[in-house]
Amino acid sequence: MRRKPIVIPSDSAAVTAAVVMRLYVVGGAPNSVQALANLEAICQRQLKGSYQLEVVDVLEQPLRALADGVIVTPSLIKLSPLPAAQIVGNLSDKSKVQRALGLEEKIW
Amino acid sequence: MKTASSDSRTETDFSETEAAFATFIRRLIQDAATLRAIDSGEVDAILDPVSGRAILLPEAREALRQSEVPTNQVLATLPREEYQRLRAGLELVTLTFGDVLHEPGELIQHIYFPNEGLLVSLLTLVQDRMGLEIGLVGSEGMVGLPVAQGIDTSSVRAVVQGTGTALRMESSQFRQALETSPALQRTLHRYTYALIAQITQTAACSRFHQVEARLARWLLMASDRLQSNSIHFTQEWLADLLGVRRVGVTLAASALQQQRLIQYSRGNITILDREGLKASACECYQKIKDIFDRA
Ligand SMILES: [Zn+2]
Chain E
1 MRRKPIVIPS
11 DSAAVTAAVV
21 MRLYVVGGAP
31 NSVQALANLE
41 AICQRQLKGS
51 YQLEVVDVLE
61 QPLRALADGV
71 IVTPSLIKLS
81 PLPAAQIVGN
91 LSDKSKVQRA
101 LGLEEKIW
Chain W
1 MKTASSDSRT
11 ETDFSETEAA
21 FATFIRRLIQ
31 DAATLRAIDS
41 GEVDAILDPV
51 SGRAILLPEA
61 REALRQSEVP
71 TNQVLATLPR
81 EEYQRLRAGL
91 ELVTLTFGDV
101 LHEPGELIQH
111 IYFPNEGLLV
121 SLLTLVQDRM
131 GLEIGLVGSE
141 GMVGLPVAQG
151 IDTSSVRAVV
161 QGTGTALRME
171 SSQFRQALET
181 SPALQRTLHR
191 YTYALIAQIT
201 QTAACSRFHQ
211 VEARLARWLL
221 MASDRLQSNS
231 IHFTQEWLAD
241 LLGVRRVGVT
251 LAASALQQQR
261 LIQYSRGNIT
271 ILDREGLKAS
281 ACECYQKIKD
291 IFDRA
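Residue numbers (my numbering), protein chains in the order written: chain E, 1 to 108; chain W, 1 to 295.
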């Protein structure tokens with residue numbers, strides 16, 4: 001389940017290029033759970049129609065993380081659109097995440 | 001260590017190990033942002049490029065160890081011995097909003113025991129649209145109940161709401177485990193009865209009750225299962241679950257807010273007055289709750 005990317009089909013309102021992300025986590029560990037929840041909240045509000053998020057558990061696939069240059073979890077990688085960006089930690093700093101994803105810094 | 005007690009040695013060893021680990025981390029990581037994240041406790045694990053393995057930090061390790069004690073109530077009611085037998089086949093997974101666990105007509109690969117904080121909606125699909133919610137499963141239950149009855153395909157779509165963990169097991173393995181676990185059989189019989197009652201009541205509710213009363217019911221049910229007064233959702237999502245137009249949910253939510261029963265902001269609802277919300281909810285809430293409490 002968690003290796004399957006969550007693909008949210010774009011609706012007619014949002015025809016912008018999809019943001020493709022990969023989040024490296026340790027399933028069930030507090031910061032990883034937090035990072036997922038924080039990222040989800042941002043994506044639901046600002047990327048409604050168009051994003052792909054793949055969640056990778058490093059206890060299962062450590063080599064993939066290393067190949068991606070990931071050295072700690074949680075780590076979020078924005079793969080597309082370019083430029084790629086990486087951000088570490090539990091993603092509780094909303095504006096930092098928004099900047100990394102190239103989003104408008106909105107305060108809800 | 002100034003105290004000369006017998007365990008001062010182990011403490012010294014421990015802090016030496018910690019210090020060595022800290023040095024190791026600093027040598028491994030030169031990036032300032034990453035070090036800051038580690039220092040502020042925002043990191044769960046470090047990947048060691050030499051061994052190619054992930055090393056858990058102490059807090060994450062402790063959290064994972066604790067999660068081995070299930071917060072799922074079906075599992076928690078089992079005698080220790082039965083649970084130990086089951087445990088080998090259970091895998092802890094993190095699930096996120098929108099994950100589809102089961103699809104109508106498809107094979108049920110895994111059954112899930114949600115831990116505290118995870119909610120799963122059971123939906124019937126109407127013309128491939130996002131479906132109407134007919135059941136809500138939290139840490140009191142199990143997702144994939146047909147497997148316990150010997151049926152291997154799902155009749156509903158099971159979708160995760162929010163983010164949380166669950167213990168899951170492969171269906172075939174679960175079926176075998178169930179045969180040798182009488183306590184699990186009994187618990188699941190009672191849960192099946194309660195879930196069927198919930199589904200039946202929900203069907204009547206969708207047909208006969210007003211949106212505001214149904215929204216109040218849903219919030220109470222979700223809050224019971226999450227064991228939290230704070231619920232995260234979007235209005236679109238709730239409108240789909242309740243099978244009404246979004247504006248219906250908006251109006252109902254603002255009516256409840258005006259009565260100071262809930263506070264709604266940024267996709268989060270906080271229940272302010274539980275008793276008041278119960279009074280606004282349709283009778284279905286209490287009926288379903290009574291059945292679950294008795295079962
Ligand atoms: Zn009702």
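Heads up, some of the hints might be wrong.
Cβ pair distances, simulated, as ranges [said to hold, decoys possible]:
no.	chain 1	residue 1	chain 2	residue 2	range
1	W	R294	E	R45	18 to 24 angstroms
2	W	E179	E	L82	50 to 56 angstroms
3	E	P83	W	R190	54 to 60 angstroms
4	E	K94	W	R175	40 to 46 angstroms
5	E	P83	W	S155	43 to 49 angstroms
6	E	G102	W	G276	39 to 45 angstroms
7	W	V126	E	K94	33 to 39 angstroms
8	W	E275	E	K94	30 to 36 angstroms
9	W	T180	E	G102	51 to 57 angstroms
Facing chain W, a subset of chain E residues (Cβ under 7 angstroms, in silico) [what the hints assert, rightly or not]:
no.	residue
10	A29
11	P30
12	E40
13	V58
14	L63
15	G69
16	I71
17	I77
18	S80
19	L82
20	A85
21	G89
22	N90
To be clear about the criterion: a stretch of chain E counts as covered by chain W if any three or more of its residues have a C-beta under 8 angstroms from a C-beta of chain W, and this derived list gives those stretches [said to hold, decoys possible]:
no.	region
23	18 to 28
24	32 to 38
25	41 to 48
Calculated directly from the structure, the hints in this document are not laboratory data.
Just so it is clear, CB atoms sit at the ideal spot from N, CA and C, and this is done for glycine as well.
* To do: Go through the numbered hints given earlier and state which of them the structure violates, listing their numbers in rising order.
  => 1, 15, 17, 18, 19, 20
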